[in-house]
Amino acid sequence: MDEKREMLRHTLATVAYRAARALEGAPDHFAGFAAAGRLPVQILAHMGDLFDWALSTAIGQERWQASQPRAWPEEQRRFFESLQTLDAFLASDAQLRAPAERLFQGPVADALTHVGQLAMLRRLSGSPTHGENFFVAEIKAGQVGANQPAPARPFKAR
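In the working numbering, the protein residues as written are 50 to 207.
Treat the hints with care, as some may be off.
Simulated DEER-style distance windows between Cβ atoms [said to hold, decoys possible]:
hint	residue 1	residue 2	range
1	His78	Ala115	18 to 26 angstroms
2	Gly175	Ala143	38 to 46 angstroms
3	Ile108	Gly194	18 to 26 angstroms
Hints are computed from structural coordinates only; laboratory data are not their basis.
Quantities reported herein were computed from a predicted structural model and do not represent experimental measurements.
Built from N, CA and C at the ideal position, the CB exists for glycine as well.
My request is simple: use the sequences and hints to build the entire structure.
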């Protein structure tokens, strides 16, 4: 596998790890928290759309579709399934029909921004996530599901 594809796969695993941290332990009301723009459930739906778009672009059939948000648990499943589908394509021998750099700078970087939004909204909603040292986290290409390793060296809450 070429280095660019492998780096994209590692980046998807990073998105999955960080998203899992932003989502785990969120109270039921968090999905509809309406204090700063889009609701968390709308952000998560958009993130799923980003990875569906990335896959369609990667296979050479670019298609954008803005989805209506589903129930919070369904949207979480959809998000991780979208990541897994794109990662499986990148892990295959199928030809990548879009530049890896463009996939990173568009949908993947956008999703990383949205993970940060979710983490910020958690704090604003009164249920902050725990910080951790992501540099030492056990993030590996292909590890893109909702079940992620335990946090690496969590920071103490302030």
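(message) Checking each numbered hint in turn, tell me which of them this model violates, lowest number first.
(response) none
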